[in-house]
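There are 2 protein chains.
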Amino acid sequence: MDSAVKAIAERAYWSAYPESPSPRVYGEGAAEQGREAFESYLGKPFPTDQPGNGAWIGAERSPYGIELGVTYPPASAGELVSAARAALPAWRDAGPLARALTCVEIVNRINKRSFELAGAVQHTTGQAFVMAFQAGGPHAQDRALEAIAYGYAAMTAAAGHARWEKPAKGDPLVMEKTFTVVPRGVAVVIGCNTFPTWNAYPGLFASLVTGNPVIVKPHPGAILPLAITVQIARTVLAEAGFDPALVQLAAEEGQGLATDLATHPDVRIVDFTGSTEYGDWLEANARQALVHTEKAGVNTIVVDSTDSFKGMLGNLAFSLSLYSGQMCTAPQNILIPEGGIETDEGHKSFDEVVQGIAGGVSRLLGDDARAVELTGAIVSADVLARVEGAPSLGEVVLESRALKHPAFTDAVVRTPVIVKLDAAQEDVYGREHFGPIAFVVATASTGDSLDVLRRTIGRRGALTAAVYSTSEEVLRAAERAAVDAGVNLSCNLTGGVFVNQSAAFSDYHGTGANPAATASLTDPGYVAGRFYLVQSRRPA
Amino acid sequence: MDSAVKAIAERAYWSAYPESPSPRVYGEGAAEQGREAFESYLGKPFPTDQPGNGAWIGAERSPYGIELGVTYPPASAGELVSAARAALPAWRDAGPLARALTCVEIVNRINKRSFELAGAVQHTTGQAFVMAFQAGGPHAQDRALEAIAYGYAAMTAAAGHARWEKPAKGDPLVMEKTFTVVPRGVAVVIGCNTFPTWNAYPGLFASLVTGNPVIVKPHPGAILPLAITVQIARTVLAEAGFDPALVQLAAEEGQGLATDLATHPDVRIVDFTGSTEYGDWLEANARQALVHTEKAGVNTIVVDSTDSFKGMLGNLAFSLSLYSGQMCTAPQNILIPEGGIETDEGHKSFDEVVQGIAGGVSRLLGDDARAVELTGAIVSADVLARVEGAPSLGEVVLESRALKHPAFTDAVVRTPVIVKLDAAQEDVYGREHFGPIAFVVATASTGDSLDVLRRTIGRRGALTAAVYSTSEEVLRAAERAAVDAGVNLSCNLTGGVFVNQSAAFSDYHGTGANPAATASLTDPGYVAGRFYLVQSRRPA
Chain G
358 MDSAVKAIAE
368 RAYWSAYPES
378 PSPRVYGEGA
388 AEQGREAFES
398 YLGKPFPTDQ
408 PGNGAWIGAE
418 RSPYGIELGV
428 TYPPASAGEL
438 VSAARAALPA
448 WRDAGPLARA
458 LTCVEIVNRI
468 NKRSFELAGA
478 VQHTTGQAFV
488 MAFQAGGPHA
498 QDRALEAIAY
508 GYAAMTAAAG
518 HARWEKPAKG
528 DPLVMEKTFT
538 VVPRGVAVVI
548 GCNTFPTWNA
558 YPGLFASLVT
568 GNPVIVKPHP
578 GAILPLAITV
588 QIARTVLAEA
598 GFDPALVQLA
608 AEEGQGLATD
618 LATHPDVRIV
628 DFTGSTEYGD
638 WLEANARQAL
648 VHTEKAGVNT
658 IVVDSTDSFK
668 GMLGNLAFSL
678 SLYSGQMCTA
688 PQNILIPEGG
698 IETDEGHKSF
708 DEVVQGIAGG
718 VSRLLGDDAR
728 AVELTGAIVS
738 ADVLARVEGA
748 PSLGEVVLES
758 RALKHPAFTD
768 AVVRTPVIVK
778 LDAAQEDVYG
788 REHFGPIAFV
798 VATASTGDSL
808 DVLRRTIGRR
818 GALTAAVYST
828 SEEVLRAAER
838 AAVDAGVNLS
848 CNLTGGVFVN
858 QSAAFSDYHG
868 TGANPAATAS
878 LTDPGYVAGR
888 FYLVQSRRPA
Chain C
358 MDSAVKAIAE
368 RAYWSAYPES
378 PSPRVYGEGA
388 AEQGREAFES
398 YLGKPFPTDQ
408 PGNGAWIGAE
418 RSPYGIELGV
428 TYPPASAGEL
438 VSAARAALPA
448 WRDAGPLARA
458 LTCVEIVNRI
468 NKRSFELAGA
478 VQHTTGQAFV
488 MAFQAGGPHA
498 QDRALEAIAY
508 GYAAMTAAAG
518 HARWEKPAKG
528 DPLVMEKTFT
538 VVPRGVAVVI
548 GCNTFPTWNA
558 YPGLFASLVT
568 GNPVIVKPHP
578 GAILPLAITV
588 QIARTVLAEA
598 GFDPALVQLA
608 AEEGQGLATD
618 LATHPDVRIV
628 DFTGSTEYGD
638 WLEANARQAL
648 VHTEKAGVNT
658 IVVDSTDSFK
668 GMLGNLAFSL
678 SLYSGQMCTA
688 PQNILIPEGG
698 IETDEGHKSF
708 DEVVQGIAGG
718 VSRLLGDDAR
728 AVELTGAIVS
738 ADVLARVEGA
748 PSLGEVVLES
758 RALKHPAFTD
768 AVVRTPVIVK
778 LDAAQEDVYG
788 REHFGPIAFV
798 VATASTGDSL
808 DVLRRTIGRR
818 GALTAAVYST
828 SEEVLRAAER
838 AAVDAGVNLS
848 CNLTGGVFVN
858 QSAAFSDYHG
868 TGANPAATAS
878 LTDPGYVAGR
888 FYLVQSRRPA
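Sequence lines, in order, name chains G and C.
Here my numbering is used: the first residue of the first sequence is 358, the next is one more, and so on.
Here my numbering is used: the first residue of the second sequence is 358, the next is one more, and so on.
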């Protein structure tokens with residue numbers, strides 16, 4: 358069984374993340390040129406056209422241990438907002454089509470820089486290179502295009518001009534009516550450390566296409582990918598005759614700038630990805646703005662039964678190991694009936710299922726040199742402390758292991774720790790433990806598991822949930838529980854689709870219906886509040 | 358000129374409000390049956406199927422002076438919310454199409470009761486009967502249908518099911534995906550005194566069609582029109598096999614129930630029409646809910662020049678007189694250059710324009726018996742006090758006059774007062790004076806008028822603005838000012854279209870882009886936040 362589970366997980370991995378992006382798509386030499394471009398930033402002031410005051414800041418460090426030393430001009434909230442406001446009218450007046458085309462061209466230019474961005478994402482987030490390329494490059498660009506498309510569709514759902522007639526005594530009343538899309542105002546995007554581009558692009562492009570200037574405030578630990586993005590956007594905007602201040606970088610080393618920006622009276626939209634604590638604070642305090650947040654959650658897997666025990670274990674092993682669980686979509690709580698489950702390999706006791714999951718992970722990550730390409734490195738000292746402290750939470754069924762990275766000797770790499778809990782320990786599994794930490798939880802029954810899912814996700818939110826069952830009845834009950842909890846559900850994933858991955862234009866990311874996020878990528882609610890319609894009418 | 362202006366205004370009036378609704382549409386005898394139905398409610402407990410506790414409350418009084426004496430069962434926020442929550446799952450699971458069809462049938466039944474509702478609207482709001490019929494009946498029903506249509510369109514913009522394929526090594530990945538519309542939660546609609554149905558129906562039907570149970574909390578002075586509406590909705594819902602608690606009446610005499618409901622932790626949507634003070638309070642305190650408010654504003658007319666002086670005066674006279682200016686869309690501030698304007702009758706000085714406007718109103722309302730059919734009655738003691746106190750605000754150029762109503766001897770009827778101010782008195786004209794009070798304001802120039810418009814609407818909001826000009830350049834500048842201020846603009850209205858009227862499916866009501874309202878009837882932002890999308894995916 359060992360090799361079968363590992364083979365399934367590995368095949369799945371390379372299906373999700375092809376070993377190397379095709380030169381046919383990106384051009385011969387693109388990988389090398391991208392690497393060189395990335396390396397050219399290191400140890401220098403970042404080449405930006407944004408005005409500065411002569412000072413340079415920046416404290417990014419690579420989870421792989423290499424020196425970055427990139428610096429950026431510091432910015433003040435007042436100056437950024439003021440420049441953004443001045444840039445607004447011409448961008449508003451350009452109209453939806455010109456804005457959408459300009460946004461698409463920005464994405465097109467970003468796409469050509471995918472290798473360069475992959476290096477920047479890898480060395481700020483700790484993602485393995487191939488994942489940094491895919492998730493930080495084309496997958497993030499897909500979400501950008503999706504936001505542009507939905508924004509454009511919402512702005513143009515009703516006609517821009519209409520001729521209106523009404524019968525009346527004598528001549529009919531005839532009016533010409535014009536409807537203008539008016540942006541909400543200055544927008545701020547607050548990025549996260551783990552997916553600087555993927556999580557920032559939707560808000561950036563949803564706001565920009567609907568006419569709002571955008572101030573991009575990266576996480577202090579992951580500035581470079583967004584600095585490159587902003588610089589590309591500014592170049593395209595200037596070429597198209599617009600004020601480059603429509604997209605500005607707000608770099609900082611500390612944490613005060615996000616608050617200054619988000620509570621500035623002229624900031625009208627805030628998109629945030631990060632901690633529940635700061636997200637809740639923004640929702641309560643950035644009252645002058647429309648606030649969209651994506652926060653923490655307790656992603657949950659309900660194991661009831663399976664017709665592919667190996668497939669299930671391989672799929673779970675991959676989902677737990679990918680980027681060391683440092684994904685907002687990675688599973689945390691795996692709920693298993695204490696009496697065990699039925700499988701294609703006969704009945705498996707609770708402990709057999711737990712051992713299967715633990716064994717799947719340890720075998721998948723058995724070879725350090727290959728494993729690091731899946732786990733990447735640990736993004737921050739906080740996550741490292743959390744994984745090191747996890748054994749205090751319960752009985753460890755799989756220990757976290759430090760891996761040696763063959764290329765980066767100072768890389769901090771850890772495999773997942775799996776801790777066994779019983780259903781009563783909701784104080785532990787009922788909150789998020791971000792990083793490579795998972796819980797296997799013994800429940801009285803699958804019905805009990807679904808109650809736990811409903812309750813914990815209702816309270817703390819989740820971006821993903823999954824169920825394994827051979828019973829249509831159980832699957833329907835799980836779907837009902839997911840609808841009640843307002844969480845997206847994946848059923849019986851045993852192959853190359855993973856609970857922690859969502860495809861733009863096909864899968865929603867988040868729902869808005871539970872505490873983990875206020876909106877979904879990308880549904881009507883994500884774009885609609887970013888603009889207004891103002892009409893003018895006159896007799897024909 | 359006298360008779361020409363009056364003729365224009367009167368022709369306009371009967372074009373907007375036909376003298377009597379056609380029996381071909383509503384059936385022979387519909388008017389009489391409707392009147393009898395309305396009268397059958399008077400002096401009795403309202404016939405409702407909602408549970409009560411034996412007590413009956415109600416203190417509505419007719420602005421026409423007749424006794425109403427209708428009583429309703431009091432309700433507690435906790436019980437209403439609890440019943441609403443219990444009703445939610447089956448309504449959610451019925452899906453968008455079943456909900457839309459049920460909502461349309463509710464509107465259809467309401468339409469058949471238009472005469473009965475007209476009586477209820479007339480005697481709670483003080484609107485003249487024909488206006489109560491049109492604005493409280495078919496026009497309100499149009500806005501309901503519009504909300505249903507936009508809600509349905511938003512829910513079904515993306516597919517409900519999809520088959521997804523992705524090439525992979527070996528067999529392609531194939532998934533079946535299902536997307537479920539999930540309502541936000543329990544909704545509360547807080548109605549106003551002047552347009553109980555027109556202002557409540559959009560929120561009621563936008564929430565209901567998107568799956569949310571709705572608690573309807575009428576203004577204590579205008580319960581009956583919404584009590585009838587709720588009873589119709591409950592009947593249709595029960596006939597369709599749904600829990601009638603999906604629509605509940607929350608009657609009260611005082612003002613505590615709105616606050617209890619709006620801040621209840623399980624209430625997730627609040628739609629409010631009324632004062633800026635309470636609307637702002639709701640926005641600040643009903644933090645657990647999506648709050649849509651329509652509040653006060655300073656509706657503004659910019660007079661620059663005209664090619665139909667009589668048409669302009671007739672149109673303005675009508676807009677100022679209709680329902681004694683007790684419309685959220687009625688003009689308040691008329692900005693005129695101190696040097697006067699060019700017209701088809703030659704140059705008119707500032708005072709000539711002011712006298713023309715005052716004269717237009719006094720001639721239009723010269724005959725008491727006809728005038729009351731336009732002005733209706735004064736809705737409340739507050740409005741009466743405000744019109745009586747208006748002479749203290751500045752130089753009165755047209756006095757308010759008490760009219761004798763030929764049919765209702767105790768009706769409180771007042772014509773508009775017009776007060777002259779100069780541009781420096783922004784402390785007076787820069788805030789709303791709801792009721793039959795208008796200001797003619799002398800400005801340095803039309804450019805100055807547009808600055809005043811931009812500034813006052815930017816600060817205090819407005820639902821409407823208008824401009825009169827023969828110069829395309831000035832019209833464009835006005836359109837630009839309106840876009841800056843985020844207000845809907847009407848240009849050169851001299852015939853049967855009025856600044857205070859908007860047509861569903863063609864005109865937006867409010868924009869969301871200024872302080873008078875957080876959203877527009879009906880744009881994507883008005884419906885999008887009322888529901889979420891939750892997906893389930895499984896291997897095909």
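Be aware that a few hints might be false.
Since copy identity is lost for identical chains, a pair holds within one copy or between any two.
Straight-line alpha carbon distances no greater than 35 Å define the calculated DSBU-like cross-link-like pairs of lysine-lysine that follow [claimed, not checked]:
{"#": "1", "residue 1": "LYS523", "residue 2": "LYS469"}
{"#": "2", "residue 1": "LYS523", "residue 2": "LYS401"}
{"#": "3", "residue 1": "LYS777", "residue 2": "LYS401"}
{"#": "4", "residue 1": "LYS777", "residue 2": "LYS469"}
{"#": "5", "residue 1": "LYS705", "residue 2": "LYS523"}
{"#": "6", "residue 1": "LYS705", "residue 2": "LYS526"}
{"#": "7", "residue 1": "LYS705", "residue 2": "LYS469"}
{"#": "8", "residue 1": "LYS705", "residue 2": "LYS401"}
{"#": "9", "residue 1": "LYS526", "residue 2": "LYS761"}
{"#": "10", "residue 1": "LYS526", "residue 2": "LYS401"}
Derived from the structure by calculation, the hints contain no laboratory data.
Taking the hints in turn, this is what the structure says about them:
In this homomeric assembly, LYS523 and LYS469 come within 35 Å of each other (Cα to Cα) only across copies, at 23 Å, whereas the closest approach inside a single copy is 53 Å. Neither within a single protomer nor between protomers do LYS523 and LYS401 lie at most 35 Å apart by alpha-carbon distance, with minima of 67 Å and 42 Å respectively. Taking the shortest alpha-carbon separations for LYS777 and LYS401, neither the intra-copy value of 47 Å nor the inter-copy value of 66 Å comes in at or below 35 Å. Taking identical chains as interchangeable, the C-alpha atoms of LYS777 and LYS469 are never at most 35 Å apart, the minima being 46 Å within one chain and 64 Å between chains.
Within a single copy, LYS705 and LYS523 get their C-alpha atoms only as close as 73 Å, which misses the 35 Å cut-off; across copies the closest is 33 Å, which meets it. For a Cα distance limit of 35 Å, the shortest separation of LYS705 from LYS526 across copies, 31 Å, qualifies, whereas the shortest one inside one copy, 82 Å, does not. In the homo-oligomer, the alpha carbons of LYS705 and LYS469 never lie at most 35 Å apart, since the shortest distance is 50 Å inside one protomer and 64 Å across protomers. In this assembly of identical chains, the alpha carbons of LYS705 and LYS401 never lie at most 35 Å apart, being 57 Å within a copy and 69 Å across copies at closest.
For a Cα distance limit of 35 Å, the shortest separation of LYS526 from LYS761 across copies, 30 Å, qualifies, whereas the shortest one inside one copy, 87 Å, does not. For the homomeric pair LYS526 and LYS401, neither the shortest alpha-carbon distance inside one copy (76 Å) nor that between copies (42 Å) is at most 35 Å.
Going down the numbered hints, you'll see the structure goes against 2, 3, 4, 7, 8, 10, while the others check out.
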